[in-house]
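Those protein sequences? They're chains Y and W, same order as listed. For the first sequence, the numbering used here assigns the number 1 to the initial residue and increments by one for each residue that follows. For the second sequence, the numbering used here assigns the number 1 to the initial residue and increments by one for each residue that follows.
Incorrect hints may have been included.
These stretches of chain Y come out as covered by chain W in the derived footprint (C-beta under 8 Å, 3 or more residues) [claimed, not checked]:
{"#": "1", "segment": "31-37"}
{"#": "2", "segment": "70-82"}
{"#": "3", "segment": "116-128"}
{"#": "4", "segment": "237-248"}
{"#": "5", "segment": "315-327"}
Quick caveat, the hints were computed from the structure, so don't treat them as lab data. Positions of the beta carbon are idealized from the N, C-alpha and C atoms, including for glycine.
One-letter residues, chain by chain:
2 protein chains.
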Amino acid sequence: MGTATLSIDLGALIANWRALDTRSTTETAAVVKADAYGLGADRVGRALARAGARTFFVAAAEEGAALRRAMGPGPVINVFSGHMRGDTDMIGDMALTPMTNSFDQLVRHIEALPGHPFGIQLDTGMNRLGMEASEWAAVRDIALQQNPTVIMSHLACADEPDHTMNAQQLTTFHEMTEGINAPRSLANTGGILMGADYHFDLTRPGIGLYGGLPFADGTPVASLSVPVIQCRDLDEGETVGYGNAFTATRPTRIATIAAGYADGVIRAMGHDAQLYADDIACPIAGRISMDMIGVDITDLDDPNPKALDLLGPRQGIDTLAEAAGTIGYEILTSLGARYNRRYVGG
Amino acid sequence: MGTATLSIDLGALIANWRALDTRSTTETAAVVKADAYGLGADRVGRALARAGARTFFVAAAEEGAALRRAMGPGPVINVFSGHMRGDTDMIGDMALTPMTNSFDQLVRHIEALPGHPFGIQLDTGMNRLGMEASEWAAVRDIALQQNPTVIMSHLACADEPDHTMNAQQLTTFHEMTEGINAPRSLANTGGILMGADYHFDLTRPGIGLYGGLPFADGTPVASLSVPVIQCRDLDEGETVGYGNAFTATRPTRIATIAAGYADGVIRAMGHDAQLYADDIACPIAGRISMDMIGVDITDLDDPNPKALDLLGPRQGIDTLAEAAGTIGYEILTSLGARYNRRYVGG
Chain Y
1 MGTATLSIDL
11 GALIANWRAL
21 DTRSTTETAA
31 VVKADAYGLG
41 ADRVGRALAR
51 AGARTFFVAA
61 AEEGAALRRA
71 MGPGPVINVF
81 SGHMRGDTDM
91 IGDMALTPMT
101 NSFDQLVRHI
111 EALPGHPFGI
121 QLDTGMNRLG
131 MEASEWAAVR
141 DIALQQNPTV
151 IMSHLACADE
161 PDHTMNAQQL
171 TTFHEMTEGI
181 NAPRSLANTG
191 GILMGADYHF
201 DLTRPGIGLY
211 GGLPFADGTP
221 VASLSVPVIQ
231 CRDLDEGETV
241 GYGNAFTATR
251 PTRIATIAAG
261 YADGVIRAMG
271 HDAQLYADDI
281 ACPIAGRISM
291 DMIGVDITDL
301 DDPNPKALDL
311 LGPRQGIDTL
321 AEAAGTIGYE
331 ILTSLGARYN
341 RRYVGG
Chain W
1 MGTATLSIDL
11 GALIANWRAL
21 DTRSTTETAA
31 VVKADAYGLG
41 ADRVGRALAR
51 AGARTFFVAA
61 AEEGAALRRA
71 MGPGPVINVF
81 SGHMRGDTDM
91 IGDMALTPMT
101 NSFDQLVRHI
111 EALPGHPFGI
121 QLDTGMNRLG
131 MEASEWAAVR
141 DIALQQNPTV
151 IMSHLACADE
161 PDHTMNAQQL
171 TTFHEMTEGI
181 NAPRSLANTG
191 GILMGADYHF
201 DLTRPGIGLY
211 GGLPFADGTP
221 VASLSVPVIQ
231 CRDLDEGETV
241 GYGNAFTATR
251 PTRIATIAAG
261 YADGVIRAMG
271 HDAQLYADDI
281 ACPIAGRISM
291 DMIGVDITDL
301 DDPNPKALDL
311 LGPRQGIDTL
321 AEAAGTIGYE
331 ILTSLGARYN
341 RRYVGG
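So here's chain Y without its partners, still in its complex pose (with noise of 0.2 Å):
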């Protein structure tokens, strides 16, 4: 067992996602783009059926044809990047929705498939995806008798809710919907806690179903243990690792652990992450390496512990996102290919 595992809780999934649906006050759909951040989109995207979620959102066809293959028919699947060259075949066989964001990507699926359902997503200031408001007004009329599924956009800074910008992007959005009948959808998980202002037809909860920040009631999903492969006793002013970067300051006991870069353990997070014995912190020792890091058990009773935690109820995600000077959102998806995957509760 030279693997970690990776245990993903289900029955905490199941639980963000009742917590959020009971926020919104509409329907609430599910993001399981990048294989549902990184915990597996088709256990993810299966269970959340079960829990009750009709409508999914995934990043790219490809991502979209493997949900639908794991899903079978029934839930609606949108696709945020909408129906991009080379897509159409896909979107239609394996009965996906695009959110088309251009008059190109409009003109392109009608012409392709026509009756086909689509979204439409509009830019309220992100400026990332999405027709602008002069671009909207010159489609508006064709594209709105083709009826579209849903009239989406997305807001930039919803994890600040003090920022300024969602009430212009809430502003921005009313004023390019108004008086339409379509379904319409803005809100995030930031945007669901934001209030009902933000929820219109449809909410589109992300990292708060994975138990991530903005979402502080959310309960954690992921956790991972990494077993030790070796310990061993260092004497005061020896080193451990790529460039000697650690310099033993005590009589010092070493655990080399299983993961590494390679694992998503962010090399950037070496000088200030810790792994857990149950509730006892173990500084990492060195720098990261692909495939293992040394840390400092010195201070632990049990001097050989089989394993030791990186996320757990002591470290979440969001603090070790923190001293990898990033977002738990990217801890979540750099989860890596080399994990034993455990599927528990749901």
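Given the coordinates of chain Y, assemble chain W onto it according to the supplied hints.
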């Protein structure tokens, strides 16, 4: 085609292996752990075997089992993490050779699989894996009676040839293996470049095969082209992406491309990295998000490029690593699962 294309040049890979083989005074193995540094251990392994490599190294038994399935019988597959609890069946059934790291592992191996090949890993100062001098002195005679296939250690500072640690580890390795007939191995890529004193009976290049430093004469192996989802014009003062992190200081054209940190485009590189349209650099605009990046393409002649290059002739893994505050190794191993992988050459 909402996903990017990662091209892997097997011809360049083979050329790098041959160049390092020419510099090695002895047999040259190939390190293909972490899925061949993210590039696909099955294809990389088979290409290098055709080129003449007979010995391969992986990190964990699970990787070794997958590699054996891909390569068939014949090549030697050595496992750095040794013979861990639960590994016996895989090691036995898939004909893997564990590099035993401790007395415990050695005993486990000899008792569970008597007569099955194994190597020995010694610690010469890195304090990460391998037996220490005192442990080795105690088991040396018993271990050697069992005919280990290789006795190895690993250099902590080989990327810095002037570091005094290198000569120190070389001396320790000599002291620990004096008078032993078994084949010996010490050199990774950096060790090969430091000259014949470090080569012993088997060299083990890893990063150098994949076109990374410290092998400055290597040929790049990976290139990455990311499709553009859509382009838009911004007025001065408009913002882009999460947190409004980019503000246009001139009339600006932005391309939104279909890759993000979920694809291993490390989020930390957002401030300093660039995409390329042939020879023209286009800076990243705003934060890298999970599945998308905004790119400032104002200076391009073509207002609607179909794709932009993140890795290519103008920007290799080490340049990109600098932008992300890390090393080329992590750029490679972070390459995500969503890419279309295209193998060329070889």
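Do the hints match the structure? See the list:
1. 31-37: holds (count 4)
2. 70-82: This one holds; 4 residues, not fewer than the three required, reach chain W with a Cβ under 8 Å.
3. 116-128: holds (count 5)
4. 237-248: With 7 residues close enough to chain W, the hint holds.
5. 315-327: The restraint on the segment 315-327 of chain Y holds, since 3 of its residues have a Cβ under 8 Å from chain W and three suffice.
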